[in-house]
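Number of protein chains: 4
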Amino acid sequence: MTLHNVRSETPRLGVAMIGSGLMAKSHTMGYRNVEGMYGSSPYRPHFAVLADAKENLARSGAESLGYGRWTADWREAIAAPEVDVVDIVTPNWLHKEIALAAIAAGKHVYCEKPLAVTAADAREMYEAAEAVGVKTLVGFNYLRNPAIAEARRLVGTGALGNIWTLQGRFVLDACSDADVPFAWRFDRKLAGSGALGDLGAHVVALARALAGPISSVCGLSRTFIRTRPAATGAFGYGSDADLGAPRREVENDDATTFLMEFASGASGHIEASRTATGRPYHLSIELIGSKGSLQFVQQDIHTLRLYLDDDAAEHKGYRQIELGPAHGDYGAFWPFPGVPIGLHELKTIEVHEWLSAIADDRCPDGDFKEGWLVSEVLEAVERSVAQRRWVDVEKSS
Amino acid sequence: MTLHNVRSETPRLGVAMIGSGLMAKSHTMGYRNVEGMYGSSPYRPHFAVLADAKENLARSGAESLGYGRWTADWREAIAAPEVDVVDIVTPNWLHKEIALAAIAAGKHVYCEKPLAVTAADAREMYEAAEAVGVKTLVGFNYLRNPAIAEARRLVGTGALGNIWTLQGRFVLDACSDADVPFAWRFDRKLAGSGALGDLGAHVVALARALAGPISSVCGLSRTFIRTRPAATGAFGYGSDADLGAPRREVENDDATTFLMEFASGASGHIEASRTATGRPYHLSIELIGSKGSLQFVQQDIHTLRLYLDDDAAEHKGYRQIELGPAHGDYGAFWPFPGVPIGLHELKTIEVHEWLSAIADDRCPDGDFKEGWLVSEVLEAVERSVAQRRWVDVEKSS
Amino acid sequence: MTLHNVRSETPRLGVAMIGSGLMAKSHTMGYRNVEGMYGSSPYRPHFAVLADAKENLARSGAESLGYGRWTADWREAIAAPEVDVVDIVTPNWLHKEIALAAIAAGKHVYCEKPLAVTAADAREMYEAAEAVGVKTLVGFNYLRNPAIAEARRLVGTGALGNIWTLQGRFVLDACSDADVPFAWRFDRKLAGSGALGDLGAHVVALARALAGPISSVCGLSRTFIRTRPAATGAFGYGSDADLGAPRREVENDDATTFLMEFASGASGHIEASRTATGRPYHLSIELIGSKGSLQFVQQDIHTLRLYLDDDAAEHKGYRQIELGPAHGDYGAFWPFPGVPIGLHELKTIEVHEWLSAIADDRCPDGDFKEGWLVSEVLEAVERSVAQRRWVDVEKSS
Amino acid sequence: MTLHNVRSETPRLGVAMIGSGLMAKSHTMGYRNVEGMYGSSPYRPHFAVLADAKENLARSGAESLGYGRWTADWREAIAAPEVDVVDIVTPNWLHKEIALAAIAAGKHVYCEKPLAVTAADAREMYEAAEAVGVKTLVGFNYLRNPAIAEARRLVGTGALGNIWTLQGRFVLDACSDADVPFAWRFDRKLAGSGALGDLGAHVVALARALAGPISSVCGLSRTFIRTRPAATGAFGYGSDADLGAPRREVENDDATTFLMEFASGASGHIEASRTATGRPYHLSIELIGSKGSLQFVQQDIHTLRLYLDDDAAEHKGYRQIELGPAHGDYGAFWPFPGVPIGLHELKTIEVHEWLSAIADDRCPDGDFKEGWLVSEVLEAVERSVAQRRWVDVEKSS
Ligand SMILES: NC(=O)C1=CN([C@@H]2O[C@H](COP(=O)(O)OP(=O)(O)OC[C@H]3O[C@@H](n4cnc5c(N)ncnc54)[C@H](O)[C@@H]3O)[C@@H](O)[C@H]2O)C=CC1
Ligand SMILES: NC(=O)C1=CN([C@@H]2O[C@H](COP(=O)(O)OP(=O)(O)OC[C@H]3O[C@@H](n4cnc5c(N)ncnc54)[C@H](O)[C@@H]3O)[C@@H](O)[C@H]2O)C=CC1
Ligand SMILES: NC(=O)C1=CN([C@@H]2O[C@H](COP(=O)(O)OP(=O)(O)OC[C@H]3O[C@@H](n4cnc5c(N)ncnc54)[C@H](O)[C@@H]3O)[C@@H](O)[C@H]2O)C=CC1
Ligand SMILES: NC(=O)C1=CN([C@@H]2O[C@H](COP(=O)(O)OP(=O)(O)OC[C@H]3O[C@@H](n4cnc5c(N)ncnc54)[C@H](O)[C@@H]3O)[C@@H](O)[C@H]2O)C=CC1
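Protein chains in written order, with UniProt numbering: chain A, 1 to 397; chain B, 1 to 397; chain C, 1 to 397; chain D, 1 to 397.
Chain A on its own, in the form it takes in the complex:
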């Protein structure tokens, strides 16, 4: 008989997932798929524990996502000895407490964005991890786009000349309907800012990756829908409203747009909205330089649009680069260009970076320091809105 047993030498890495919602799923898929997609992996994840405050969610999440154990108490998940890394995929207000506990227990921490509800909290988390020496990562998954990898490379080579302006946009219409229930995302204490923190955080991370530190900002915020039906247990996007419920006052921004100046002298603006009626999911970046420009739209994930001013005169024009094995980690997915990469698949790239950084004992791209510096920008925007003038970002790099 020639059926040979497989004996993998890839080391194990125990994972605790704190939360069982949308991002719990996405992180778990990422861990599960790295080795198969890439053909190899620095670690083979061991799906040790999943924790959720609600028992039924913890149990069913652990079962469908393939974790070995479940608990309603995240402290136990962190404490479990087979756990090496802790993934925090809970609502924002819990990020800090869980992260600090995990760091104290010497576990690596992979936390969703925004890193914390305030910039001071984010800084505390970053400094705690620095002190202990564990690795950290924030879920800025849009940084993982092959298009963004290529954009960063192009900026780095100087192909675009001096960067003049950057425009970014992340707008949804998930909350355009006044009857979307009041969930944690509308509560200032639980979520921090609204669209700004939830969506803007991603764009600020992209902006910083492409054009460097942001030094000053001036913003405009609006809460178009001032009250929403109170609803218990409505956590995720897309949950239904109980129309009879009493209405609660929304405590943060539905939409924020801000102007910004970069330390480099570049300028631009960023827009975040959860009430962009008709746009269920639109994230885009436009970068204009003295010699070239770039455009990227998340929904058109297969392409990066590039303009190079030194093209021949008759042939000048934005070109639609079809992303492929030459760009970022695309080649892990497909051997030929042009195939759309799914959003969960970006998490697979993110997890690959995470596992690689742990194995190589280096800081991954998008760690807690980055998470903190993004928070400083977001908080400066909030100050500028309150003061109706430009303000400096507290610490920009």
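Derived from the structure by calculation, the hints contain no laboratory data. Please read all numbers here as calculations on a predicted model, not as lab measurements. There could be a bad hint or two in this list.
Identical copies carry no separate label here, and so any pair may be met within one copy or between two of them.
Stated by the list, open to error - Calculated pairs, SDA-like style, for lysine to any residue (alpha carbon to alpha carbon, straight line, at most 25 Å): (1) K291 to A178; (2) K189 to Q299; (3) K291 to A80; (4) K291 to D309; (5) K291 to I225; (6) K395 to N56; (7) K369 to D179.
Knowing the structure of chain A, use the given hints to seat chains B, C and D with the ligands on it.
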């Protein structure tokens, strides 16, 4: 023999064109084509006089554009008795003087945008015309898009619900090259602001038409290319540089972006740039409301994109309305939908509105009052840039 | 007094327009605008006579379009001594008789497409003009696109390598509604084929211009709407139905698609439809070569999409060339790139070619010979449909 | 201690994967992700054995993809008692032999497209499975698009009226370069037809799903690159050429386009090409009906474009439906609309259908019968190319 002579009863209207550049051509085409396109016209233009400061331009312009007489002195053109309307298509700094003279002579005045170099000048022009009772029009030709006509109608019917945000953009790359020569557009005294006045003026007019008066603004301006080769005689877009020439300091903005609040409570931002590398001609508007949204891109002139939230759940989505005879003045051009209308053809619509307003003794849409109020917005943006804070628009409606 | 009279030395050319419908308007605009747009013209048209079978149309058309005289008898228009060129913008079945009469009278003839109802008729028209030595032109206005001019240039330089395939499409939905009345376009004797002749003719002309003679074809035709309400006097596109009217059987194709082989070895297919529900006006061309490819969509008239395989590996991708003064006759309209050119404006380019060819005593691009050879292709498609097999084009170059 | 063990009751299903190339990866990802994505699954796959003819590929594939055992002899994989389903992801010529063996062993069989090299072989496979009563599936993954699910639903409700035409396209440029090596895909015995079978098979399956059986066809094939460098071991897409190698004659089509008639009376055409320079991955479908139309482009996977003729007159136009939880299996991936689904994620949907059909003891959508009927269409196209005329499809439903 049955060859019958045609005897038109359409009354004549004598036109004086002041300037012989790009807009002189566009205005003249507009006058020439109204009757043929629309099948009838309130007036048949008589191309009386063309004036240009440069004799050779005046002579050649008059000849190719079909004017009966030419002069190097615009005062003579205004004075000519067969002249009923005066078109001002000179650089901005001349608009005021010429307009006041024409108004004083009792002629109707059709002036290019921006109406004047300062808001105070624009106001003076508006008030002079009001006092005398002549008709006035500003060349906000983008208002003439069938798409914009339809957008205004949709806003009016309430189909979009409350208007939440408006975003507008008019960006070019005509000046991205540092060797584009220093022409009047870069000179503060001659042009006023840079991209803001030249391009932003159009978008402010569109924003006001769609979402009403703008009450406060906060802007960011940049002059990316600080000096340009001095060049005599380089007036128009696309003129070549004399690279050996000494360089002169640019006196106004290459790019301006500003946040705005509307009197209605809506908010938004507008971006104007003449250095948007890779974008030779991009004007766009996005309007988001509580029940629907609109997108319009000038280059895709055949279509208006409309989202209506009360579409059936499975069929929600932006629809690409192909503009046709049901929208604005499209039907003057083509009997079936979807055909791109040229930019000169928008001037034909503008001239039709102009001639109709004169015939009907009413103010045309986009008159000097509108030109002045647009200038107030632009000037407020300049103040906000200087003061790095939000400022109120002096007079917004 | 320094108001100088203009004295143009541009020679006159007397025009007779036969027909007063949509194309009469478009041709007249073309003649009227050439000199103003281009800055000069070989001839200044004299709008001598307009003829239409219906007196009221002849009178009103002549008046609004600015002709000096009108007649209900096209023979008189041809005979008028001040007439140098005859424009035939009547339904197809009249093209031959009018053209032969005009040629016999020694007038130059500019005739709309399709040149004739049969290939034999088209050939007779071509040969008659050849014999007499007058100039001829067919209204293949899509050839005038700056994008097509550039595409022809690119093919000529070999930038695309060997041309492998060409795909063309001209589809409308003007007739998708079963209650669009039976007009001349549905009558085989008056129109010839349906969508094939009306729309396919344009695409065949483009295909020949870009990839040379077509040697064999195999087609599929469908008449989806078999009867339509009979209507007298419904000539143009977009005319309304009289729903009570008796229904008449449609005599030609609503939609035809055909495969084709070019003499060069290239292959491809062309689709024509007047019942392409949801597509009011869609004309597109895609050309694939061994080293590069091209895409053009008429509605996106400001751009030509170009792929060049020898771009740097990471930057490969279709580029969206914004058409500008470097391409074809674009520069006559705008000094900077990216502005949509209207469809009537393409006629202005066509008339410029027409006047230039007459002045230079050369055959214009798209003359009766081309009109005839296009008709041979169309007729071969009809034969192939009847025989359900590939057939050779009678005479392909 | 409250760390609870998870005890899943989901039954096991043993999988044997035959092949370790691109599709082995995609199938394995599909099996692995069903339960996590959907939240539950009829079976939890047991990754039993992976077989590849090459020992090193078998070993490394099994390891990275997580199979328990590996073998170089696929017969052993089939024979393994823990194996319940056999996935055939080898080159085409092996599909038949492996499938017949697996069927004989009473295993369910999931085979990649095209089902076989000839229609007769495909029929034999189908009939064998029928006789034994095992479940079968062909890898027509594009059927799994939420957009296609919605399109089928819309056709079914009659929203589009009578279907008049269908146009489909699957074109790549993976083989545009003449130095892409001669791999199995260019060998008639190993692959069957070229682009037609490899790419056209997917489009024929889509066409049948949307418009029903195809009754007759007429095609045009071209082999643009007649020889390629011989290369041993170059199996997949994107493999590099050994330029020194002797060149071998390509034995099948680089590009095929065919006209088709459906049993329903609809018509259309399909194009398949592996040499569509500039188009790395383009699959599209357009469906035109008497009352509405649809467009789908695989690269724009987040959207289905829909036109409904009964929209209000001023609002007619293609709408861009953002796919979401209301469409097909989208909701398994994201709770809000508009997110691009990756191509591997389509395989997850396919595997979900596969596991569900096995559990429910029903034929999955896209089984061997469908694979066979698709092959009949492809083979008819080949006959029509040889005979240069229309031919009937042998058995169309
Ligand atoms: N990177 C990205 O693109 C995205 C990031 N996020 C971020 O991920 C985080 C989670 O968001 P979603 O998964 O969308 O939220 P969700 O509402 O779907 O899930 C949150 C989960 O946390 C659980 N939870 C609440 N309190 C808990 C506690 N004390 N202990 C354990 N579990 C608890 C809830 O029961 C729920 O299962 C947020 O910070 C959000 O900003 C969310 C969506 C996308
Ligand atoms: N509505 C629109 O879309 C556009 C509006 N414009 C506006 O139109 C105006 C003219 O712009 P262009 O035609 O592009 O400029 P241009 O530079 O092409 O033409 C200006 C003309 O004015 C003439 N001129 C200068 N001084 C004069 C004087 N004292 N008397 C008579 N003529 C004199 C110049 O010789 C030149 O022929 C500007 O106010 C500009 O902002 C320009 C382009 C587009
Ligand atoms: N190049 C292009 O893109 C287009 C070309 N065409 C072609 O132009 C030609 C005319 O089409 P349309 O202008 O759309 O048609 P139309 O139906 O709008 O106009 C035809 C005109 O011919 C007149 N007419 C009919 N019999 C006549 C006669 N015996 N003597 C004088 N006039 C007569 C009619 O009264 C009518 O005014 C056709 O051959 C058509 O194929 C039409 C539209 C677009
Ligand atoms: N559904 C889809 O979208 C796609 C389907 N396919 C289909 O999937 C099949 C496989 O294609 P790819 O994975 O792209 O090919 P590939 O060339 O990447 O992989 C084929 C694998 O089969 C192995 N193999 C060859 N002979 C074998 C044998 N006797 N026993 C066991 N293994 C053997 C090879 O070593 C190789 O690992 C083909 O039928 C192809 O048409 C391929 C790509 C996409």
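Now the hints, each set against the structure:
| no. | hint | verdict |
| --- | --- | --- |
| 1 | K291 to A178 | between (45 Å within a copy, 10 Å between copies) |
| 2 | K189 to Q299 | neither (32 Å within a copy, 41 Å between copies) |
| 3 | K291 to A80 | neither (54 Å within a copy, 50 Å between copies) |
| 4 | K291 to D309 | both (5 Å within a copy, 22 Å between copies) |
| 5 | K291 to I225 | between (43 Å within a copy, 12 Å between copies) |
| 6 | K395 to N56 | neither (42 Å within a copy, 53 Å between copies) |
| 7 | K369 to D179 | neither (37 Å within a copy, 42 Å between copies) |
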